[in-house]
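Engineer: Listed in order, the protein sequences are those of chains A and Z. Quick note on my numbering: the first sequence kicks off at 1 and runs consecutively. Quick note on my numbering: the second sequence kicks off at 1 and runs consecutively.
Since the hints were derived computationally from the structure, they do not count as laboratory data. Given the structure is predicted, the values throughout are model-derived calculations rather than measurements. Accuracy of the hints is not assured; some may be wrong.
Capping the alpha-carbon separation at 20 Å, the derived lysine to any residue pairs in SDA-like fashion look like this [what the hints assert, rightly or not]:
{"hint": "1", "chain 1": "A", "residue 1": "K402", "chain 2": "Z", "residue 2": "Q122"}
{"hint": "2", "chain 1": "Z", "residue 1": "K70", "chain 2": "A", "residue 2": "Y55"}
{"hint": "3", "chain 1": "A", "residue 1": "K402", "chain 2": "Z", "residue 2": "Q159"}
{"hint": "4", "chain 1": "A", "residue 1": "K68", "chain 2": "A", "residue 2": "K42"}
{"hint": "5", "chain 1": "A", "residue 1": "K394", "chain 2": "Z", "residue 2": "A59"}
{"hint": "6", "chain 1": "Z", "residue 1": "K83", "chain 2": "A", "residue 2": "R60"}
{"hint": "7", "chain 1": "A", "residue 1": "K402", "chain 2": "Z", "residue 2": "A114"}
{"hint": "8", "chain 1": "Z", "residue 1": "K83", "chain 2": "A", "residue 2": "F59"}
{"hint": "9", "chain 1": "A", "residue 1": "K175", "chain 2": "A", "residue 2": "I203"}
{"hint": "10", "chain 1": "Z", "residue 1": "K162", "chain 2": "A", "residue 2": "A388"}
{"hint": "11", "chain 1": "A", "residue 1": "K64", "chain 2": "Z", "residue 2": "R51"}
{"hint": "12", "chain 1": "A", "residue 1": "K373", "chain 2": "A", "residue 2": "G138"}
{"hint": "13", "chain 1": "A", "residue 1": "K402", "chain 2": "Z", "residue 2": "P64"}
{"hint": "14", "chain 1": "A", "residue 1": "K70", "chain 2": "Z", "residue 2": "H81"}
{"hint": "15", "chain 1": "A", "residue 1": "K7", "chain 2": "A", "residue 2": "R255"}
{"hint": "16", "chain 1": "Z", "residue 1": "K37", "chain 2": "A", "residue 2": "Y55"}
{"hint": "17", "chain 1": "A", "residue 1": "K402", "chain 2": "Z", "residue 2": "K162"}
{"hint": "18", "chain 1": "A", "residue 1": "K402", "chain 2": "Z", "residue 2": "H81"}
{"hint": "19", "chain 1": "A", "residue 1": "K402", "chain 2": "Z", "residue 2": "W116"}
{"hint": "20", "chain 1": "Z", "residue 1": "K37", "chain 2": "A", "residue 2": "R60"}
{"hint": "21", "chain 1": "Z", "residue 1": "K83", "chain 2": "A", "residue 2": "D67"}
{"hint": "22", "chain 1": "A", "residue 1": "K394", "chain 2": "Z", "residue 2": "S132"}
Which bits of chain Z does chain A cover? Going by a derived footprint, with three or more residues having C-beta under 8 Å, they are [said to hold, decoys possible]:
{"hint": "23", "stretch": "36-47"}
{"hint": "24", "stretch": "55-62"}
{"hint": "25", "stretch": "109-116"}
{"hint": "26", "stretch": "147-160"}
{"hint": "27", "stretch": "165-172"}
Some chain A residues well away from chain Z (every beta-carbon gap over 10 Å; in silico) [unchecked claim]:
{"hint": "28", "residue": "R311"}
{"hint": "29", "residue": "E352"}
{"hint": "30", "residue": "P372"}
C-beta: ideal position from N, C-alpha, C; glycine also.
Okay, here's what each chain looks like letter by letter:
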Amino acid sequence: MTLDLKKTYDAIVVGSGAAGGVAAKELTEGGLDVLVLEAGPKLEPSTFLSHRWPYEMPFRGFDKPGDKDKIYPHQWTSSEYTRPLYIDEREHPYTTAPGTSWIWVRSRCVGGKILHWSRNARRLSDYDFKAADRDGYGENWPITYKDLAPYYDKLESFVGVSASIENIPHLPDGKYLPPFPLNCGERIVQKVAPTLGLGMRVIPKRAAMRSRSINGLAACHHCGHCGRGCDIGAFWNSISDTIPAAAATSRLTLRPDAVVREIVVDNNGKPCGVSFIDRQSKKDYLAKGRVIVLGASALESTRIMLNSVSRHWPDGIANSSGVLGHYLMDNIGGPNVSGHLPQLRDREVVNEDGKASGVDIVPYRNIDSRHPKFIRSYVHEGGSGARAFPSFAKSMSGYGQKFKRTVRSYYTSPVAFGTRGEMLARFENYVEIDNNVTDSWGIPVLKFNCRMSDNEREMAKDAIQNLKALMEALGAESVNVRDRLMPLGFTIHGMGTTRMGADPKKSVLNQFNQTHELKNLFVVDGACFVTSGGYGPTLTIGALAARASDYIVNQMKTGGL
Amino acid sequence: MKRRTVLKLVAAGVAAERVQVAGRQLVALAQAPAGYKLRFFNDEQNALLDRLTELIIPADDHSPGAHAAKVSLFIDLMVSHSKPDVQDQWTRGLRALENESRERFRKPFLECDAAWQDQIMQTISRNEDHPSTELEKFFRILKSRTIDGYYTSEIGIHQELKYQGNRPQAEFAGCTHPEHGA
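Chain A extracted, bound-state conformation (with noise of 0.2 Å):
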């Protein structure tokens, strides 16, 4: 359906990505007529270069030389073969606070950074969500694990997330395909870790990826590229899932290219639409809504309030508390090791990286018992296997015969493990507007203030130090090791900025992901986080949405709304 100017629909939801989506999928399977505005164009499937080999690319797969400081600076996870899936640098500018840092990637179309993540679909549990009674440190979360069970129950059921029953009670297990067999690296790794008495278990990537088709949706066809976008919608990626589930409704109006100014409010104050600009032409349009819902990613939903300012809400909407913009998180990154098993050079090459799915290091640091230098927890995620470029190559040393047998030797035998960890909460890590900056549409700007703390370093330390010992005890041959923390937003994991909470002096957001100070104002992505949790929050974000949905949808039938 196109977007009726004059209508005015029941909810606008703003971002069709993993919030978005779901959002988009529950709101209209309940019932109510949706508007969902991307920022980006809708791209098509069959364009994606899932398959494509490096010699039918102009440069080979490694971009045009210069063009990443040129146009995509920070968008790492960008490649010669991605580029529609990413933002154009030039036109989206942000800044930073001198003597701090964001890396800030991000995917302005239909599906967003859904189409391309590493679909690590882990549960948060009550480790988390009660984080501050178990260590004192910061907030818990308003809500208890219970109380999203049944949306994480809903939410695998539906886009399937393949992974194996382990009992684990910080890491509780879902309702799973089954699993990605472990290749011959994995299963080394799956039974030395727990030899290191330091509680590492391996078991498979817990991955939104299926092994079965369920749904009428496809299974993966293991051809390992998913980092390009997936051709057949074999993992959540919102196009194939989510946003046909809600256009099945005939109940959706999405509008591709609708880049979101602001939230525009009625003479109370309270908010009665969004209005937007034409991606292309640059006009400027006016949507109506009874209720709001920001889906946008945390950083660009907390952008979007930031900006929302009227004599109301001279700081920024639904944000008295001065709460909005701060408590910024990424996980940290970095962290990580590489190098060979020796029992696996010179096999006979099989296909190792089809699957696209590796291995975790469950949490396993401040679960049972306390470290004295840091506060909360970290996985390792990894593998093993043959990848089709030998990366590895590069620190081999020599040249000639003797080079090339070795690289052709050590090619079936990486294993490589990095960390993904918890950032702590913090008020003054924030993000705020510049004032002097715009981008391409002459929308004013994000700044950011973010700053790792000793916790996150220490944490980083730890991580390095027992992944440097599981190589040793593996017998890893031509180890690299790397102990740099990443800047953060390396891990691009944006979260916090709108938080959660049960206290409207210190939070934004509700149990409900409504905002206190505005009823029909909700926030679903990753800008509602209190804490960040040890790994990838995108699972999360989508049972959020999901329960904070299922509470629109019940409020407008009772009149709460």
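Once you've looked at the hints, dock chain Z against the given chain A.
Structural biologist: Relative to chain A, chain Z alone:
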């Protein structure tokens, strides 16, 4: 014109200028890339680069090498789009290598025999992890781009590495070796 022929001309004392012309023809014969015209390097530089990449990843009984994979042309493309300082590093590197060859063996690199060429390669790859001289730094970028070009070529992926992925398959076969499991 065959390489042997060029060498004969050199041996016969044919003027350097004439050899250069002959060299160009040699290059044209050797490469004859379908539809690719050099964008940055000239024919002599490309011939030298072609040889250097082949010395880094040579043909062996397993698969063809960097020459067959036309890695020098990939490097030409990448360098042609690079910043001037990167481009300078390549031209200076090739020149320095040529000078090294003429100083040590009184011959252009391409006219040195395999043993002499290898001596120069050994020199420039000596401090691979901590390169300091111009030639050592040149070896680093040369090797890095050779790896990029070779292992993303059809020859590199399919003949040399025999990569088995990037093909749709209904089931993914995991590890079935009892010795790898717990």
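Engineer: Could you run down the list of hints and mark each one as holding or not?
Structural biologist: Checked hints:
Of the pairs offered as hints, the one joining K402(A) and Q122(Z) holds, with about 13 Å between alpha carbons and a cut-off of 20 Å not exceeded. Simply put, K70(Z) and Y55(A) have alpha-carbon atoms about 11 Å apart, close enough for the 20 Å limit, and the pair holds. As the CA atoms of K402(A) and Q159(Z) are separated by approximately 17 Å, the hinted pair is consistent with the 20 Å bound. Restraint check: the Cα-Cα separation between K68(A) and K42(A) comes to about 24 Å, which exceeds 20 Å; the hinted pair is violated.
Proximity of K394(A) to A59(Z) is assessed by CA-CA distance (about 19 Å); at most 20 Å being required, the pair is judged to hold. In summary, the hint linking K83(Z) to R60(A) is supported, as the alpha carbons are separated by about 19 Å, within the 20 Å threshold. Taking the CA atoms of K402(A) and A114(Z), the gap is about 16 Å. The hint holds against a cut of 20 Å. Distance restraint check for K83(Z) and F59(A): the Cα-Cα separation of roughly 16 Å lies within the 20 Å cut-off, and the hinted pair is therefore satisfied.
Restraint check for K175(A) and I203(A): satisfied, since their Cα atoms lie roughly 16 Å apart, inside the 20 Å limit. About 9 Å separates the Cα atoms of K162(Z) and A388(A), which keeps this hinted pair within 20 Å; it holds. The suggested pairing of K64(A) with R51(Z) is violated, with an alpha-carbon distance near 25 Å, which exceeds 20 Å. Taken as a hint, the K373(A) and G138(A) pair is honoured in the structure, with Cα atoms around 17 Å apart against an allowance of 20 Å.
Distance restraint check for K402(A) and P64(Z): the Cα-Cα separation of roughly 15 Å lies within the 20 Å cut-off, and the hinted pair is therefore satisfied. Between the alpha carbons of K70(A) and H81(Z) the distance comes to roughly 13 Å, so the proposed pair stays at or under 20 Å and holds. Annotation: proposed proximity of K7(A) to R255(A) holds, straight-line Cα distance about 14 Å (limit 20 Å). Between the alpha carbons of K37(Z) and Y55(A) the distance comes to roughly 17 Å, so the proposed pair stays at or under 20 Å and holds.
About 18 Å separates the Cα atoms of K402(A) and K162(Z), which keeps this hinted pair within 20 Å; it holds. Straight-line distance between C-alpha atoms of K402(A) and H81(Z) comes to about 32 Å, which puts the hinted pair past the 20 Å bound. Distance check on the hinted pair: K402(A) and W116(Z) sit about 18 Å apart at the alpha-carbon level, within 20 Å; holds. Using a Cα cut-off of 20 Å, the hinted pair K37(Z) and R60(A) holds, with the two alpha carbons roughly 17 Å apart.
For the suggested pair K83(Z) and D67(A), the alpha carbons sit about 11 Å apart, so the restraint of at most 20 Å is met. For the suggested pair K394(A) and S132(Z), the alpha carbons sit about 18 Å apart, so the restraint of at most 20 Å is met. Only residues whose beta carbon comes within less than 8 Å of a beta carbon in chain A count, and the stretch 36-47 of chain Z has 0; fewer than three means the coverage is violated. Remark: the stretch 55-62 of chain Z is confirmed as covered by chain A, as 6 of its residues place a Cβ nearer than 8 Å to a Cβ of that chain, reaching the required three.
Remark: the stretch 109-116 of chain Z is not confirmed as covered by chain A, as 0 of its residues place a Cβ nearer than 8 Å to a Cβ of that chain, below the required three. Note: the stretch 147-160 of chain Z has 9 residues with beta-carbon separation from chain A under 8 Å; the three-residue rule is met and the coverage holds. Look at the stretch 165-172 of chain Z against chain A: 8 of its residues bring a Cβ nearer than 8 Å to a Cβ of that chain, three or more, so the hint holds. No Cβ of chain Z approaches the Cβ of R311(A) within 10 Å, the least distance being about 51 Å, so the stated non-interface status holds.
Some Cβ of chain Z comes within 10 Å of the Cβ of E352(A); the nearest lies about 7 Å off, and the non-interface call is violated. P372(A), annotated as away from the interface, keeps every beta carbon of chain Z farther than 10 Å; the closest lies near 31 Å.
The structure is inconsistent with the numbered hints 4, 11, 18, 23, 25 and 29, although it conforms to all the rest.
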